[in-house]
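*Asks:* Chains as they are written, first to last, in the numbering used here: chain A, 1 to 595; chain B, 1001 to 1188; chain C, 2001 to 2232.
Hints were generated in silico from the structure; no laboratory data involved. Be aware that a few hints might be false.
Claimed, not checked - Stretch-level coverage of chain A by chain B, calculated; a stretch enters the list once three of its residues show a Cβ under 8 Å from a Cβ in chain B: (1) 558-571; (2) 582-592.
Claimed, not checked - For lysine-lysine, the following DSS-like pairs were computed, each having C-alpha atoms within a straight-line distance of at most 25 Å: (3) C:2139 to A:343; (4) C:2043 to A:505; (5) C:2218 to A:343; (6) B:1057 to B:1009; (7) B:1150 to A:505; (8) A:380 to A:302; (9) B:1057 to B:1010; (10) C:2043 to A:231.
All residues carry an ideal CB built from backbone N, CA and C; glycine is no exception.
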Amino acid sequence: MPADITAILDRYGADRTRLLDMLWAVQDADGHITQPAIEGLAAGLSLSRAEIEETVSFYHFFSMQPAGRHRIYLNNDVSTQLSGRYEAVRDAFEEACGCTFGTVSADGRFGLYDTACIGMCDREPAALIDFVPFTDLTPERVAKIVASLKDGVATKSLAAAFDSGCDVVTTRWQRTGPVFDPRTAAGPSLEALFSLAPGEILEAVAASGLRGRGGAGFSTGLKWRLCRETKAATRYVVCNADEGEPGTFKDRALLTDMPHLLIEGMVAAAYAIDASAGVIYLRAEYRYLFDRLDSLIADYRKAGWLGHNIAGSGFDFDLRLQLGAGSYVCGEESALIESMEGKRGSPRNRPPFPVEAGFCGMPTIVNNVETLAAVPRILKEGADWYAGFGTEKSPGTKLLSVAGDCARPGIYEVPFGITVGEFLDMVGAEPALALQVSGPSGECINAAQSRHRRLCHEDLSIGGAMTVFSAERDLLDHMSRFLSFFIAESCGICTPCRSGNVAMKTLLERLRDGRGEQRHLADLERWGHIIAETSRCGLGASAPNPVLSSLREFPDLYAALVDGREAEMFVPGFDLDASTGDYRRIVERARSNGR
Amino acid sequence: MDGTEAPHKKPILATVSLAGCFGCHMSLLDADERILDVLAAFELHRSPLTDIKRFAKRCDVGLIEGGCCNDENVHVLREFRENCDVLVAVGACAINGGLPALRNEIGLEACLTEAYLEMPTGAGAEGIIPADADIPKLLDRVYPCHEVVKIDYFLPGCPPPADAFWALLTALAAGRAPDLPTELIHYD
Amino acid sequence: MADEVTFFIDGRPCTAAAGDNLVEAAADNGVYIPTLCHYKGHKPLGTCRVCMVRVDGREAAACTFGVRDGMRVDVDAPELADARKALIELLFVERNHFCPACEKSGRCDLQAVAYHMHLTVPRFPYRYVPFTVENFAGKLLIDHNRCILCGRCEEFVRRGDSKVFAMKQRSSEARITVDLALLAEMSANEIAHAVHVCPVGAILAPGQGFDTPIGRRKYDTHRIGEITDGRD
Chain A
1 MPADITAILD RYGADRTRLL DMLWAVQDAD GHITQPAIEG LAAGLSLSRA
51 EIEETVSFYH FFSMQPAGRH RIYLNNDVST QLSGRYEAVR DAFEEACGCT
101 FGTVSADGRF GLYDTACIGM CDREPAALID FVPFTDLTPE RVAKIVASLK
151 DGVATKSLAA AFDSGCDVVT TRWQRTGPVF DPRTAAGPSL EALFSLAPGE
201 ILEAVAASGL RGRGGAGFST GLKWRLCRET KAATRYVVCN ADEGEPGTFK
251 DRALLTDMPH LLIEGMVAAA YAIDASAGVI YLRAEYRYLF DRLDSLIADY
301 RKAGWLGHNI AGSGFDFDLR LQLGAGSYVC GEESALIESM EGKRGSPRNR
351 PPFPVEAGFC GMPTIVNNVE TLAAVPRILK EGADWYAGFG TEKSPGTKLL
401 SVAGDCARPG IYEVPFGITV GEFLDMVGAE PALALQVSGP SGECINAAQS
451 RHRRLCHEDL SIGGAMTVFS AERDLLDHMS RFLSFFIAES CGICTPCRSG
501 NVAMKTLLER LRDGRGEQRH LADLERWGHI IAETSRCGLG ASAPNPVLSS
551 LREFPDLYAA LVDGREAEMF VPGFDLDAST GDYRRIVERA RSNGR
Chain B
1001 MDGTEAPHKK PILATVSLAG CFGCHMSLLD ADERILDVLA AFELHRSPLT
1051 DIKRFAKRCD VGLIEGGCCN DENVHVLREF RENCDVLVAV GACAINGGLP
1101 ALRNEIGLEA CLTEAYLEMP TGAGAEGIIP ADADIPKLLD RVYPCHEVVK
1151 IDYFLPGCPP PADAFWALLT ALAAGRAPDL PTELIHYD
Chain C
2001 MADEVTFFID GRPCTAAAGD NLVEAAADNG VYIPTLCHYK GHKPLGTCRV
2051 CMVRVDGREA AACTFGVRDG MRVDVDAPEL ADARKALIEL LFVERNHFCP
2101 ACEKSGRCDL QAVAYHMHLT VPRFPYRYVP FTVENFAGKL LIDHNRCILC
2151 GRCEEFVRRG DSKVFAMKQR SSEARITVDL ALLAEMSANE IAHAVHVCPV
2201 GAILAPGQGF DTPIGRRKYD THRIGEITDG RD
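Input sequences plus hints: build the corresponding full structure.
*Replies:* Structure below.
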């Protein structure tokens, strides 16, 4: 300390695309990103200071002010709200640390921050302390943890004392399947992989019918072929391990229990599309997995399965980890690429698509962890075997992250096409009010009326998150929280997402306050469609989904808010008495102060 | 509205300035000799121009200048809504709060403190926040008229040009919804 | 020279060179597609989304599309016009656009596009969020009340390769910022360029407000769609 900027620049070859790594190095050394560090990096990278600051200020986990020697990020998303202990745990942190959320304790020891889903949804409440996960929190546990930190116990050794280890959070595998079983799942030997021609891998992946497991469901075989067919000096394989959809933690399970499948899937992808380099973009919330994954990559390199002339095949490919810094929108593939280039994670205009011009302008495939991890299984067991599971248009199986009001939260592998009813019975969620399918960006469905619906691309697309709400829940409160999440995570670059969702939220709150009118229900729907249709990327396009889907599935909940009320003359939202309240209070206070 | 087309019974017009500056009324008067046509087409009832202060009959059209910054503005606006078939928000202040709404970004307490308690020009003077029962109570912020009552039409401008008033009133007198040409839509 | 191709706007055949920017190609064919972030002849930003049209049946920001042979573009459909208008309204309520006191009034693209759309009142509630006005040593002013975050200053005002303006934060907290070291080096002409690049009154040079009398300002004498280059 302070950060040695010259050494940091040297370590990353003064390469602008490594700006996030450099900023992490600065923050790890100095506790925050200091002005001298910004100046040093700007000079070393031939950028303006403003350009460095725009990147720093974009990411949730970078701070330009001292942020506490121990930084505590408490998850505030829906699964922790449903845990029933969130408020008590939050209060316990404030009491133990001596500061409120959003602030640093007077002695500078603790910084308390809210954060969105950290992928521990089956073990809430959970927090990241110095980027080490602490799960299943209770007020008593919080008191003990903070007391130990005050006593100088290192965060990592402290975590080891709890069942959430410092580099592993035990996965609740509720149901394993044919593709991903942590005890048995293996791909072909890498010798066998390189005995195939690249075209054979492309064919196998295409024949398996594998579709993107992040939720969008684009054909993996087609994506790879488009990338392969783009003429270029080099190509890139990127693994999207930025699992940010609230309620999703299935990639955490794979990264923890089967990371070899991911690495082998990336090698296969690289070989198939003739890529020279690969990057696993790991969300900052999973930083605790970084060293473990990094040493696994090193093992593969040492064994000759990564690097120059792999297995004498003449094929060169190496892989590295890229740590994100806290941004949901970076899960969108073009935003992720921007972030990999050391920039703000704003989605790009498309076309061109990443398969044509991606990382540093080169053809790039970006695939979800689960997609890539399925590839070695397909190559080992055969495309027909894989395509034999699931439905016609959604072959294979899907990992589901299950949380919320159910008896058995955790990870499930299911074939595509199971019904909502089968799902609810499987996870022990009866009677359920609603099921949030694929997280906030997916759909909120009426559980009782949707038992016949199928979880597959033909009906309800599934990205991985399945959150159950029981009948006791104030569903619209949760929809409103989802909107707040999208508002906070908007990259801010386009009008509808940045400003439109704020308008939606204001109107929804007005309705929930009983100040709405019948016409506002139609407004909500129309505004939602405008935002969805005009937004630049998928985040904006899906941000209104919580409201639009709950309006469709639970019209009675909304109708009850307005009770047929319509403004004939006076606007029901305006309360004269309330709006003169401030004035009366100010006058009274001034009087009591002798004025 | 040249006399021959005048409706059988003259529509009745009311106007008021709430949290405005009377600039919109001035602009209406700026119609020059066409003001006579307005008077030929409309019977002017409650308005600062007639000094009639109470509604004695139902009106066809009410023009509202200014937004609502205090409870009296709200009462008057509601009276207009109850007594006029068609209500038009006229000018920037009625539509978005305008200049008075600059206080919305500051907050009422900070405004009153600055104006009456810690005023830079009143060093040493004992400040007092006016709070006599006869003084209208300030609202927490300045409200555009359509956030308080239902408004039928909006005529932007600071002030709207006389030609815009003319186009609006001509349309309303003829029983048409006013749809102003682009040239007459101005925000300044 | 790219091949001339035929495409269709609201069913009417139009011609342009293949790959031409759709907003510009439409203008060349006499169709005005409103936009705020597009800066003619420069790379599209696709940020304001006001040029929302339908290309071959799908909603798209026209500025981010190149013309293709046979492309079918819907511009006039009522629901598209309504969506474009809604975007303008979202910009008006998001910050504090107080036209009567704005130096750029009468030559502001946001205002002119709103006139073009006959916007009299936004459907969304005003927010009245406080924003600052920054004065950079009397050399440049940034009035955040008026910024629409289009990104034009960020992209099109450079010294060498470096950005002079940048966007800080994200979501509705996003703000334009200026690099002080680079600003100090800027000439009066460069400052004037920055003011020119800003489609609204967010970036200003001192001493240049209200220099053209009302009635003779850019959009007092022309409607925005009539000015074919979209600028001065």
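*Asks:* The structure should be examined with respect to each hint, and the outcome stated for every one.
*Replies:* Okay, the hints, checked on the actual structure:
no.	hint	result
1	558-571	holds (count 5)
2	582-592	holds (count 7)
3	C:2139 to A:343	29 Å, violated
4	C:2043 to A:505	33 Å, violated
5	C:2218 to A:343	37 Å, violated
6	B:1057 to B:1009	14 Å, holds
7	B:1150 to A:505	22 Å, holds
8	A:380 to A:302	23 Å, holds
9	B:1057 to B:1010	13 Å, holds
10	C:2043 to A:231	23 Å, holds
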